[in-house]
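If you want the building blocks of each chain, they are given just below.
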Amino acid sequence: MDEVVLTGLTKNFGELVAVSEVNLEVPEGTIFGLLGPNGAGKSTTIRLLCTLLRPSDGTATVAGYDIIQNPVDVRQITGVLPEEGNHTLYPSMTGYENLQYFARLYGVPEEEIDGRIEELLTFMELWDRRDDKAGQLSTGNRQRLALCRALLHKPKVLLLDEPTSALDPVAAKRVRELILNFAKKYKQTFFINSHNLAEVQRICDSIAIIDEGKIVLTGKTTELREKLHGLQEYEIRVTGGVSKAESVLKTVDYVEIQRAEIDTIVVRIRDPMQNNSKLMRKLLDAGINIVEFSEEEATLEDLYLQTIKGGAK
Amino acid sequence: MLVAMADLRMAMQVRYVKLGIVGMGALGPLMAIIMISVFVIFPTTEEETSLILGIMIPMAGTLLAVFSVIPATLIAANSLVGEREQDTLEPLLCTPLTDRELLWGKTLSSLIPSLTILLAGTAVVMIVTNVIFVLYGRPMMLVPDLAGLFLILTAGPAIILTAVSINILISGKVKRVYEAYQTSGAIILVLMIPMFAPIIGMESGIPNTSMVWTVNIVTTLIAATLMIVTWSLAVKRFNRDRMISLR
Chain B
1 MDEVVLTGLT
11 KNFGELVAVS
21 EVNLEVPEGT
31 IFGLLGPNGA
41 GKSTTIRLLC
51 TLLRPSDGTA
61 TVAGYDIIQN
71 PVDVRQITGV
81 LPEEGNHTLY
91 PSMTGYENLQ
101 YFARLYGVPE
111 EEIDGRIEEL
121 LTFMELWDRR
131 DDKAGQLSTG
141 NRQRLALCRA
151 LLHKPKVLLL
161 DEPTSALDPV
171 AAKRVRELIL
181 NFAKKYKQTF
191 FINSHNLAEV
201 QRICDSIAII
211 DEGKIVLTGK
221 TTELREKLHG
231 LQEYEIRVTG
241 GVSKAESVLK
251 TVDYVEIQRA
261 EIDTIVVRIR
271 DPMQNNSKLM
281 RKLLDAGINI
291 VEFSEEEATL
301 EDLYLQTIKG
311 GAK
Chain U
1 MLVAMADLRM
11 AMQVRYVKLG
21 IVGMGALGPL
31 MAIIMISVFV
41 IFPTTEEETS
51 LILGIMIPMA
61 GTLLAVFSVI
71 PATLIAANSL
81 VGEREQDTLE
91 PLLCTPLTDR
101 ELLWGKTLSS
111 LIPSLTILLA
121 GTAVVMIVTN
131 VIFVLYGRPM
141 MLVPDLAGLF
151 LILTAGPAII
161 LTAVSINILI
171 SGKVKRVYEA
181 YQTSGAIILV
191 LMIPMFAPII
201 GMESGIPNTS
211 MVWTVNIVTT
221 LIAATLMIVT
231 WSLAVKRFNR
241 DRMISLR
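For the protein sequence lines, the chains are B and U, in the order given.
Mind the numbering: the first sequence is residues 1 to 313 in the numbering used here, read in order.
Mind the numbering: the second sequence is residues 1 to 247 in the numbering used here, read in order.
None of these hints come from the bench; they were simulated from the model.
Beta carbons: idealized from backbone N, C-alpha and C, even for Gly.
Don't take each hint at face value.
As the list claims (entries may be wrong) - Mimicking BS3-like on lysine-lysine, the simulated pairs with C-alpha atoms at most 30 Å apart in a straight line are:
{"id": "1", "chain 1": "B", "residue 1": "Lys-173", "chain 2": "B", "residue 2": "Lys-156"}
{"id": "2", "chain 1": "B", "residue 1": "Lys-244", "chain 2": "B", "residue 2": "Lys-214"}
{"id": "3", "chain 1": "B", "residue 1": "Lys-133", "chain 2": "U", "residue 2": "Lys-18"}
{"id": "4", "chain 1": "U", "residue 1": "Lys-236", "chain 2": "B", "residue 2": "Lys-133"}
{"id": "5", "chain 1": "B", "residue 1": "Lys-250", "chain 2": "B", "residue 2": "Lys-220"}
{"id": "6", "chain 1": "B", "residue 1": "Lys-244", "chain 2": "B", "residue 2": "Lys-220"}
As the list claims (entries may be wrong) - Using C-beta positions, here's what the derived DEER-type ranges look like:
{"id": "7", "chain 1": "B", "residue 1": "Gly-107", "chain 2": "U", "residue 2": "Gln-182", "range": "44 to 52 Å"}
{"id": "8", "chain 1": "B", "residue 1": "Lys-214", "chain 2": "U", "residue 2": "Ala-186", "range": "42 to 50 Å"}
{"id": "9", "chain 1": "U", "residue 1": "Met-140", "chain 2": "B", "residue 2": "Glu-111", "range": "25 to 33 Å"}
{"id": "10", "chain 1": "U", "residue 1": "Glu-179", "chain 2": "B", "residue 2": "Gly-14", "range": "17 to 25 Å"}
Stated by the list, open to error - Listed next, the stretches of chain U that the computed footprint assigns to chain B, with coverage defined by at least 3 CB atoms under 8 Å from CB atoms of chain B:
{"id": "11", "segment": "50-63"}
{"id": "12", "segment": "209-217"}
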């Protein structure tokens with residue numbers, strides 16, 4: 001069953017079309033990543049899904065509830081980490097008080113509040129800092145606290161807007177682990193906005209790329225990785241300059257030279273499983289001394305950039 | 001109530017709001033006591049004292065009402081526009097609170113302390129002035145007088161609620177707390193009418209009690225109308241989309 005369904009979702013701010021006819025389906029219990037550059041419409045999409053904004057056209061359902069018809073139900077079953085979540089805590093309340101306040105607003109049974117807060121703060125390694133004012137915590141700790149707030153009422157769907165932005169690599173890794181653990185433990189559905197491609201690649205089951213308010217690419221992360229094969233680059237390092245090797249490579253029809261540096265040529269090879277060994281032999285036969293022949297791991301970033309530029313549209 | 005308590009707590013963390021609540025809470029009763037007592041403590045002719053008390057006692061009620069509206073505007077401005085300015089509004093709007101629950105929470109956070117200030121201030125004025133009257137050999141009197149108490153118990157809460165409603169109404173239009181505070185603070189002008197009624201209505205040196213009553217009743221009607229209109233509009237026009245879009 002699809003937990004989050006966007007149907008022709010559109011949001012205009014005056015003349016500006018922030019989100020344009022977006023159609024997406026996110027299955028239950030999966031981690032979905034919405035990728036895109038700044039201003040692409042990612043945050044607006046999350047704000048539409050958590051009913052903060054009203055769509056100009058189209059609609060969406062979250063766990064079966066329509067965002068226009070049943071906004072209160074949608075808000076009850078979603079946990080939201082807003083953009084720059086670390087700024088959204090009450091600075092003069094302690095971490096514990098912040099969570100206690102929101103637990104009550106979400107209607108968490110009074111007898112469960114303390115236990116749930118302790119569980120989350122312990123998991124986030126913030127239990128010892130529970131009595132510190134939120135305003136006195138570091139950015140990373142505040143972000144983790146904001147994430148605790150989103151998870152407090154055990155929501156079915158989590159809408160996280162740039163969950164690791166402004167975090168150092170260690171804290172970002174911890175947050176990613178947390179997302180994976182929660183998705184596994186509670187079968188929660190995560191809808192994550194990010195421009196951090198490596199992060200999305202690591203944790204998301206499926207992704208969509210949004211640009212100028214429109215979805216330009218969507219699919220399972222594994223499927224998209226397959227699309228990357230065509231973008232795979234190989235680095236050939238040689239001795240004695242690259243000009244001779246370059247002239248040989250130009251005669252080979254399954255090779256496309258990307259760039260040539262002092263002793264290295266970067267190429268794309270069509271059907272590499274078949275042609276790589278053939279190419280090496282050809283170069284060796286031409287008397288070229290190969291020092292290194294290595295595969296440069298293509299990432300979603302390549303696909304992302306190519307998509308944004310229009311190459312894969 | 002949860003929202004109201006959290007709001008009030010947050011508001012008290014803002015220095016000028018805290019000073020405003022404490023200061024205005026003390027200033028109203030203090031001014032009223034000084035205004036009335038000074039003519040009792042310092043000797044004037046009996047005729048002059050009676051005349052001045054005839055003007056000052058009706059004014060005391062208005063003065064107390066005016067000083068209780070200021071904290072309401074300060075807290076209300078902080079609770080909506082202030083939350084947006086501090087970036088804490090978005091998570092709050094993401095909770096399952098309905099618009100009505102949210103607005104009641106925001107309203108109570110201003111209404112409760114302001115009404116407390118108003119009623120406690122009135123009680124203090126009533127007690128202190130009469131202690132002074134007794135000490136200086138004057139008969140005990142109702143301060144504020146009945147017309148003033150009527151104004152305090154009717155127009156006072158109505159104007160406080162109007163100030164909060166105006167804040168809700170403009171929260172989707174103004175970006176900064178001080179803009180919200182200044183705009184909603186203008187509602188105090190309504191209470192200027194009864195403030196000067198005892199002086200304007202004086203007839204050959206004698207305060208016109210029936211005119212004071214008339215002005216106070218008219219002020220209450222204006223305040224009640226404003227309260228109903230602004231509150232209805234605030235509830236009807238409250239728009240999460242506009243609150244979030246205006247950044």
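So, going through the hints one by one against the coordinates:
no.	hint	verdict
1	Lys-173/B with Lys-156/B	23 Å, holds
2	Lys-244/B with Lys-214/B	46 Å, violated
3	Lys-133/B with Lys-18/U	19 Å, holds
4	Lys-236/U with Lys-133/B	36 Å, violated
5	Lys-250/B with Lys-220/B	36 Å, violated
6	Lys-244/B with Lys-220/B	42 Å, violated
7	Gly-107/B with Gln-182/U: 44 to 52 Å	37 Å, violated
8	Lys-214/B with Ala-186/U: 42 to 50 Å	46 Å, holds
9	Met-140/U with Glu-111/B: 25 to 33 Å	54 Å, violated
10	Glu-179/U with Gly-14/B: 17 to 25 Å	22 Å, holds
11	50-63	violated (count 0)
12	209-217	violated (count 0)
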